[in-house]
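There are 2 protein chains.
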Amino acid sequence: MILSALLTSVGINLGLCVLLFALYSVLRKQPSNIEVYAPRLVAEGKVQRRRDFNLDSLLPTPGWVRNAWQPSEDELLASCGLDAVVFMRIFVFSLRVFSVAGFMGIFILLPINYFGDQISEVDFYDLPNKSLSSFTISNVKDGSSRLWAHFSSAYIITGVVCYLLYYECNHITFKRLELFNASRPQPQDFTVLVRGIPSHSGSSLDDTVHSFFMEYHPSTYLSHVVVHRKNKLRGVMKYAENIYRRFTLLFSRRSSRPDFRDYNKREDVDGRLQQFGLSTQKEVSAAFISFKSLYGASNVLHTQQSVNPIEWVTEQAPEPDDVYWPLFSSSYIGKWISKLLVIVASILLTVLYLLPVAFVQGLTNLYQLKTLLPFLKNVLEISVVSQVITGYLPSLILQLFLSIVPPIMKIFSTIQGYISHSGIEKSACSKMLWFLIWNAFFANVLTGSVTSQLQVFLELKDIPTRLAVAVPAQASFYIAYVVTSWTSLSSELTRVLALLGDWICGCSGCSDEMHVPSISYHSEIPRLLLVALLGLTYFLLAPLILPFILIFFCIGYIIYRNQLLNVYLPKYESRGQFWPIVHNSTIFSLILMQAIAFGIFGLKKLPLASSLLIPLPVFTLLFHDYCRKRFMPIFQTYSAETLIKKDRMDQNDSGMNEFFHKLKSAYNDPSLIPRQHTYDPDDRSAPLLSSLDT
Amino acid sequence: MILSALLTSVGINLGLCVLLFALYSVLRKQPSNIEVYAPRLVAEGKVQRRRDFNLDSLLPTPGWVRNAWQPSEDELLASCGLDAVVFMRIFVFSLRVFSVAGFMGIFILLPINYFGDQISEVDFYDLPNKSLSSFTISNVKDGSSRLWAHFSSAYIITGVVCYLLYYECNHITFKRLELFNASRPQPQDFTVLVRGIPSHSGSSLDDTVHSFFMEYHPSTYLSHVVVHRKNKLRGVMKYAENIYRRFTLLFSRRSSRPDFRDYNKREDVDGRLQQFGLSTQKEVSAAFISFKSLYGASNVLHTQQSVNPIEWVTEQAPEPDDVYWPLFSSSYIGKWISKLLVIVASILLTVLYLLPVAFVQGLTNLYQLKTLLPFLKNVLEISVVSQVITGYLPSLILQLFLSIVPPIMKIFSTIQGYISHSGIEKSACSKMLWFLIWNAFFANVLTGSVTSQLQVFLELKDIPTRLAVAVPAQASFYIAYVVTSWTSLSSELTRVLALLGDWICGCSGCSDEMHVPSISYHSEIPRLLLVALLGLTYFLLAPLILPFILIFFCIGYIIYRNQLLNVYLPKYESRGQFWPIVHNSTIFSLILMQAIAFGIFGLKKLPLASSLLIPLPVFTLLFHDYCRKRFMPIFQTYSAETLIKKDRMDQNDSGMNEFFHKLKSAYNDPSLIPRQHTYDPDDRSAPLLSSLDT
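If you're matching them up, the sequences are chains Z and G in order. Numbering-wise (UniProt numbering), the first sequence opens with residue 1 and increments by one. Numbering-wise (UniProt numbering), the second sequence opens with residue 1 and increments by one.
Read the hints as simulated data drawn from the structure, not as lab findings. Quantities reported herein were computed from a predicted structural model and do not represent experimental measurements. Keep in mind that a hint or two might mislead.
Unchecked claim - In silico DSS-like pairs for lysine-lysine, Cα to Cα no more than 25 Å straight-line: (1) G/Lys645 <-> G/Lys664; (2) Z/Lys646 <-> Z/Lys292; (3) Z/Lys645 <-> G/Lys292; (4) G/Lys645 <-> G/Lys629; (5) Z/Lys292 <-> G/Lys175; (6) Z/Lys646 <-> Z/Lys662; (7) G/Lys664 <-> G/Lys646; (8) Z/Lys461 <-> G/Lys664; (9) G/Lys629 <-> Z/Lys339; (10) G/Lys662 <-> G/Lys292; (11) G/Lys605 <-> G/Lys461; (12) G/Lys605 <-> G/Lys141; (13) Z/Lys629 <-> G/Lys339; (14) G/Lys645 <-> Z/Lys292; (15) G/Lys175 <-> G/Lys646; (16) Z/Lys645 <-> Z/Lys292; (17) Z/Lys629 <-> G/Lys629.
Starting from the given sequences, assemble the full structure and let the hints guide the process.
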């Protein structure tokens, strides 16, 4: 790729971004679109559904940028929760890292590369036709002493990233503790999930649980709820729900809303189904155990309960709303087996993913299409059509295939037997991250068949050299990738699919029930981390990528702040448990950057620099180990000090009796509770500060 | 090596063993040797020091074998502790494994190998001159279908080993829990060691600890002892001790034992030194915290105490007698750094160990010796002398170097900052095991320079093939090794060094104080595990090794039972914590055996068998993971169920008040307590059943 081609691409994408921004600023002002662009505010009752029209609203204005920019982090925390704050910290952290990296890259490394003379001579008149490779490290002469600038940069950027990582860890763990201390009592903190309850013949699971905890924890044990497996029941309930929806639709065409008789009928159906359900449901050897104090629950959580370590296995309970029942595996061994199977399946999907993609892409070449679909022959011979098909179809297919991976990974995590949405998404997030790193980086960089890719990892010592050869060659591809991802980021803003859905729904007159989406961290976080990985690995090799990455994170910062505040309603609050994934991914990026630098200095005939680089990964891993000890436990659990202090505060709280009363039924399966079919806007409006007794 | 040479070696070693056995049975009956051969019984007062002579005692008798054989496992447990039982279970387990393996090896694999015709033809008349390699798998024809017998054997032996491992895990964990339930209250179970106590200016460490635990654990906290660093003080104490010893010696030459005036003088010195010591000692940010209940201590042990995870870090306290103070590192970070340094040092020692050995061995060739020591030239030219030097000196040097490794590994583990002898020895045991496996197996098998050895591990896929080539070639060396280790095992019985020391001491009239040794598990266990590793890896390749290994474990079983009952006094009771090392080593041996088999079948042109072997390591690792979940937690900790039950039993015990009273001072530094210089035989006689309040 030459410089002018890159600039064209930048121009096109910048234009598209501006266009999308302008489009959004107009569309969001249309009263009919308010449920698409501010569903959250509507649900929270902060914005009324107006139907009046205004000419002003047809002009694009940048007011939304100010609105998104303004709220402080604490305001974001109060309205969107700590998970959203952690998500935004990824942008802040990346912006800081790539500001420093960008400065060093553009003002130090890029000139050195450009005046390197290895590939092409300096010629300012011919600048637009220069290949991008003359801006990469490949252009520096072999053995040149200028390479020591790259060497020092590797040390400096590692130091900067580690310092910033430390700062972020400190900041986020502080926020997490502060949030916990300030929050009202939450059911999940008083509750422990127990798996692998041994079955005794002659006594029900209910009695076993009750007698075990009355025997060993009489002073702190409050109540328990046995988990029920009711796939069949759930099916029946779903069926009834569908029937009800159709009824509603029928009625809503007659009157504007379902009348009371109908609602009574629905409750009647519900009641009968419950009776039916209670007879078909099956108890599962797992239960939620609630305790009278935080410290009491924590003790049960951290101590092995039974003589047999795979019975009465405890884990932290999720929020009641966060519980995901259907595929929960109750026995410890069951969970273990499904975990192993899912690991194998994820690895297979990750490694073999490119095979079907390549196969389908192969089908789209013109000759194949003509053979497969002979009736299209005439159409395909039109030059514009053939260009579009050969040019865009393969990448469209790649995008389509790529977009179905996050749901698949989520299904895998579900099968793994997590009890909560947050657990499933956290696990899917890790899987997706490794999938992306493998397929976007290793599989692209280390081209060849799957087995030859895997063989690379059997020849460990060759990895740096192979990376050093392959990675710089892909530089222009990834610069283009980052530039085009500006547009895909901006299209998040316009929510085209949701808009279309709303219009179609509005025209066909389907149900009035509004759907408030929640952000899928498991697909968004890995995307950001991949860009950060590209930035760090190409920092030394092709510093030209850095300004584009800076722009990417700037656009993303504004867009996601806007979306979090207006569109997405948090589904759960894991109190920042996504941060360790970000931390680990950053450390991995650093190590990868260092490995590639090691290989590059070898190739560039500066073996001394290679040798002097060896302390760097050692230092990075030591830093990682320190953080793992210093910060990561805070994401797992709360300390005795924190819990006991909070227990004492709670003791003086007059509302605790009511809280404990509600806690007893907090973990009942929602599918067995008659649900209200009117939308309750206050339901999850302030998820952090809400509590059962407010 | 040919068969007759092997048989000669077997004959010589068997003869030596019988000789040593006979010698032992005579020597042990000499009244003057009773302190060498039954120091434990003397110390426990079970045998009187007689001085009468008997002619019968000059005849070798096998009575000691019956005495060693007779006690049941429960009797062994009662007198030697669970660690000794676990040590003997290694023999029982190995005997069972190698009985099955030996049967299969001798009656199925050996005939198949011998009639294989690849290397040499079957010729019964020439049997004594047959090379040992005609009994190995190398003699089976390439691609022969007889190799499926080896293939099935790999599956069968893996199944047998896993079954027996499961049985042993079950048995030992049961014993461990039974022992805990039956034992009287022990100080270590009520106590937790805390490292990384934050220092507050203005308040002493003592106050900080007291106020922290009074604040957060008021209902269970009993008392604490702050650890003091007193290297200087310790030096002064040692000096005083030496002076005292010399005095005693001087007096004992005049009278038979030191008189009272001397003892008073000693106490006087002690008192002054204590005053001096208290002024020079320095508090260290670590403390032993005792609690009023087992469950209370367990809760503190398992819950993160402070908001900062590297402050107030808790770990299980060792027995009071087991505490090792001098090199204890109090801060969490200090421990972390010393651990990293020790890991590096251990790896260097392990990998580079053969270099100095080879260098010194190189010095011993005749030419070098003549150059270095020209005055010996005439002596060295005598044929017998030169044969002895060239034949035995190198292996003697190897043995000498090898015997200093366990102490070095123990020093490394000491530097690592463990608080207890048991922790140090457990860690040294693992280090020693990896050292032996590397140096005796990999370094010998994968010959070449250190870097080329390490490079093998960078080319992972080549490992099975390289092992498959190198391992069978070393078969005769290891058969000889196992046979000669019979003798070294038997020399344990005669305790030559201790006997010599006793004689010299007796002649020169040195002090009467008797030293009762304790068994060094960190040098004995790895030796046994190495033989088991050899047995499992050579099971398929050279089944001829198996009967010799069976004999090795038979001899060892009797000898060590005898020594444990008569000679060694346990220094500590870790309640079987050495078993996980045995378990992991066995799993490693199985995986190694399977990797070699994988390579062998590839070399023998039976790729189908190689492919069909792949499920085997997967199954083995799954089994290992299951055991890790099912049994290993039991070695780490006790369950809430166990602890609470025992707490309730203790509540009804009238002696608990006295126990708690003594518990408060149990962890005071022994170097600050005036010690009694008369030997107290009941001190550790029944370490398991003894308690502070008996």
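So, going through the hints one by one against the coordinates:
no., hint, verdict
1, G/Lys645 <-> G/Lys664, "holds (23 Å)"
2, Z/Lys646 <-> Z/Lys292, "holds (13 Å)"
3, Z/Lys645 <-> G/Lys292, "holds (22 Å)"
4, G/Lys645 <-> G/Lys629, "holds (23 Å)"
5, Z/Lys292 <-> G/Lys175, "violated (36 Å)"
6, Z/Lys646 <-> Z/Lys662, "holds (19 Å)"
7, G/Lys664 <-> G/Lys646, "holds (20 Å)"
8, Z/Lys461 <-> G/Lys664, "violated (57 Å)"
9, G/Lys629 <-> Z/Lys339, "holds (14 Å)"
10, G/Lys662 <-> G/Lys292, "holds (12 Å)"
11, G/Lys605 <-> G/Lys461, "holds (17 Å)"
12, G/Lys605 <-> G/Lys141, "holds (9 Å)"
13, Z/Lys629 <-> G/Lys339, "holds (14 Å)"
14, G/Lys645 <-> Z/Lys292, "holds (22 Å)"
15, G/Lys175 <-> G/Lys646, "holds (16 Å)"
16, Z/Lys645 <-> Z/Lys292, "holds (15 Å)"
17, Z/Lys629 <-> G/Lys629, "holds (23 Å)"
Violation of the numbered hints given earlier is confined to hints 5 and 8; the remaining hints are satisfied by the structure.
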